[in-house]
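With the hints as your guide, set chain B onto chain A.
Those protein sequences? They're chains A and B, same order as listed. For the first sequence, position 206 (counting from the first letter as 1) is numbered 206 according to our numbering, and the numbering increases by one without interruption. Add 1000 to the 1-based position in the second sequence for our numbering, that's all there is to it.
What the hints contain is simulated information worked out from the structure, not anything from laboratory work. It should be emphasised that the depicted structure is a prediction, and the values quoted were computed from it without experimental measurement. Don't take each hint at face value.
Computed beta-carbon distance windows for the label pairs [said to hold, decoys possible]:
| no. | chain 1 | residue 1 | chain 2 | residue 2 | range |
| --- | --- | --- | --- | --- | --- |
| 1 | B | Gly1256 | A | Lys323 | 38 to 48 angstroms |
| 2 | A | Gly126 | B | Gly1294 | 19 to 29 angstroms |
| 3 | B | Arg1245 | A | Pro32 | 20 to 30 angstroms |
| 4 | B | Pro1347 | A | Asp214 | 33 to 43 angstroms |
| 5 | B | Trp1416 | A | Tyr372 | 19 to 29 angstroms |
| 6 | B | Gly1320 | A | Ser107 | 50 to 60 angstroms |
Taking lysine-lysine pairs in the DSS-like style, the calculated list, with each CA pair at most 27 angstroms apart, reads [to be verified]:
| no. | chain 1 | residue 1 | chain 2 | residue 2 |
| --- | --- | --- | --- | --- |
| 7 | B | Lys1066 | A | Lys237 |
| 8 | B | Lys1066 | A | Lys250 |
| 9 | A | Lys237 | A | Lys334 |
| 10 | B | Lys1066 | A | Lys301 |
Covered, in the sense of this in silico footprint (three residues per stretch, anywhere, with C-beta under 8 angstroms from a C-beta of chain B), are these stretches of chain A [unchecked claim]:
| no. | region |
| --- | --- |
| 11 | 36 to 49 |
| 12 | 67 to 77 |
| 13 | 155 to 164 |
| 14 | 264 to 271 |
Backbone N, C-alpha and C fix where the C-beta goes; we use that ideal spot for every residue, glycine too.
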Amino acid sequence: MAFISSGYNPDKPMENRITDIGPKKYDQFYPPVIAANKGKWLYHEYLKPGVLVHVSETGDKVFTVRCGGARLMSTSHIREICEIAEKHCDGYVRWTTRNNIEFMVDSQDKVEPLVKDLEGRKFAGGSFKFPVGGTGSGVSNIVHTQGWVHCHTPATDASGPVKATMDALFDDFKDHRMPAHVRVSLACCLNMCGAVHCSDIAILGYHRKPPMLDHEYLDKMCEIPLAIAACPTAAVKPAKVKLENGTEVKSVAVKNERCMFCGNCYTMCPSMPLADKEGDGIVLMVGGKVSNRISTPKFSKVVVAFIPNEAPRWPTTTATIKKIIETYSADANKYERLGDWAERIGWERFFEKCELEFTHHLIDDFRDPAYYTWRQTSQFKF
Amino acid sequence: MAKHETPLLDQLETGPWPSFVSDLKQEAEKRAKNEENIEFQIPSDVVEDLLGVLELSFKDGATHWKHGGIVGVFGYGGGVIGRYCDQPGLFPGVAHFHTMRVNQPGAKFYKAEYLRQLCDLWDFRGSGITNMHGSTGDIIFLGTTTPQLEEVFYEMTHKFDQDLGGSGSNLRTPADCIGQARCEYACYDTQDICYDLTMEYQDELHRPAFPYKFKFKFDGCPNCCVASIARSDLSFIGTWRDEIRIDQEAVQAYVGGEIAPNGGAHSGRDWGAFDIEKEVIDLCPTKCMWMENGQMKIDDKECTRCMHCINVMPRALRIGNDRGVSIFAGAKAPILDGAQMGSLIVPFIKAESPYTEIKEEVIEPIWDWWMEEGKNRERLGELMKRQGLQKLLEMAGLKPVPQMVQEPRHNPYIFWKEEEVTGGWTRDVDEFRKNHLR
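The shape of chain A in the complex, shown without the other chains (with noise of 0.2 angstroms):
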């Protein structure tokens, strides 16, 4: 493999550098008939899971279909996404925010092609490569982190998870016989760069064993105030510490009790790591949503404190989540979210019907908001 020079020379590496262009802008990519529309739309409708339709007041129309897809993807399964696009919609093609992919094409008899076309085709291992589905009052696609495939501090994998749960949700995925649409995402550590914790869904990576410390290396590799400083609970002091040789060197002392494992001291501090096979697992999170649809905006809360990683399939965090899924479409009525059936119901009813275990863990000690948590009325059910 002999080392071809893209144009750059690291001797001069000022000499004809681009900088600062931004993204390609938008409208280069617009499909046509998205062009001469946009600010036009009148309304939308589903024709069936998948597949929308967008009526236009110059009675132009756009036709969707949105399928899933990992968002761990390779460029060959993109330069297929690029065939179908060319195939059916002109080359053009776009994505979700939930990691979906949407084709669009401009009259209703190239729908039916199109759909027939992605379900169609599978991987070799079995699966499908772009379900249909992912629209209304169904289970979207899960948005997600990196996880082990890429990440230096997670708690669980992401994408392994993920398919397990797509798996077990996949019924649902392609229908629309929710009370109102519900979202699932992961976050594989508390970092939460998947901001999960507005999900009706969120299944969140966590440790449970403080920071071990690489006394020899600490120093070294760190800044300690950082270290220290990075703690939200004060957990961590400067500390001197002789090594089996007899040497002293300057290094942290965690106070166990007072950690929370956000990890935060680790991406300080390299040599504080806390991931363990034994302690690392997953804390199911419900009922929140980003939406201002009749209710306002809300958290998800903990409603399980730790299901193991059970790789590679993690049934127990699936079933669990398949019966709180299960448990709301039963119970909630038409147009209500998850958060919204639990307080109408009460989250006392919320753990009966989903037979959850309700302990300790789950009620909030952590700082002022936890409080405002607590019941504070003599209205609540048996």
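Showing chain B alone in chain A's frame:
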């Protein structure tokens, strides 16, 4: 023949949902065959080793990626995330496996021709593995070696007119919903403002000058499809301040069952005949609508624009004409002090190109305050908690209005300023003692 046995990952090839394992395997095979004789600039077995190290993580229940690593392209302090494997001897193909963030186009619209160019570049100079897309919105190029970073950047900028996205203590790559491009609910042009601000603030996006990350996101309406209110330091949500437009004939068509409610979103179950009282009027959070002689009436002054009625009857009810955005500040995920939702700081502002008022009267004064007062790794929302919402309003010159609070404060512990109190705070204790004996 696969380089590494992957019995655990293989179990993720079954089931209907698209299998990333199958996809990685097809990529590994393609690189092994190399039918197009690509002069791969990083190890050709990179995907094999990625599968190998992932299998090891599935076995060990822990990641095998090392912490950080400062790499990047010259002159930028973001857009590249260093990543090294902690078992480079076992998996040399992914010993260096750096991420590059590529700034996505608005609403993630693409043409095949352009995507193929990116694929060609990434097959040649990287792993051929991507995320479409990262959570913030970028196209993620997953895995290349240090010497290739400048080469990828050079080709992207010179051949494709394409820049990197943000990372670290930068403005992160702004993201938008599909907006007016294909949605009748959009109250402003989310793509245009997203592009405009991204271009205006290229320096902030590429060169870290902030205490920590900063995110802009643009939701066209209060349905919030890009979740701006939950995860962006400044969240822009489309809104209107006049009347919902009503088509009474279409209202009747919904009542008569001629049009499916909510665009047919509930088609998977028999919910019974549409009942406008039960499904729309009773669910209105402000109870500002009613039926009168077969006509739908809305007391628009009392409407809080929750979108429910419009979502249920999109052919009968449409957003108003006097449109703009509401701006919310301080949303973030839980690290460190708990999750925060965005707080309303501007109830209404017009969002029209070139967005001067938004830039000069909202964004820039807030940045000035945060850059002056924010501690290392303190998000805007945390500074707001530490110094108070009124401090932000004061620094940005925004007038406090009741819309900004859920309810007034529960305690009278007001930090009065000296100039607000008649006579100021300087007093003479001897004068005081003339009337009040010790």
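- Query: Any of the earlier hints contradicted here, and which numbers?
  - Reply: Per hint list: 2, 4, 6, 9, 10 violated.
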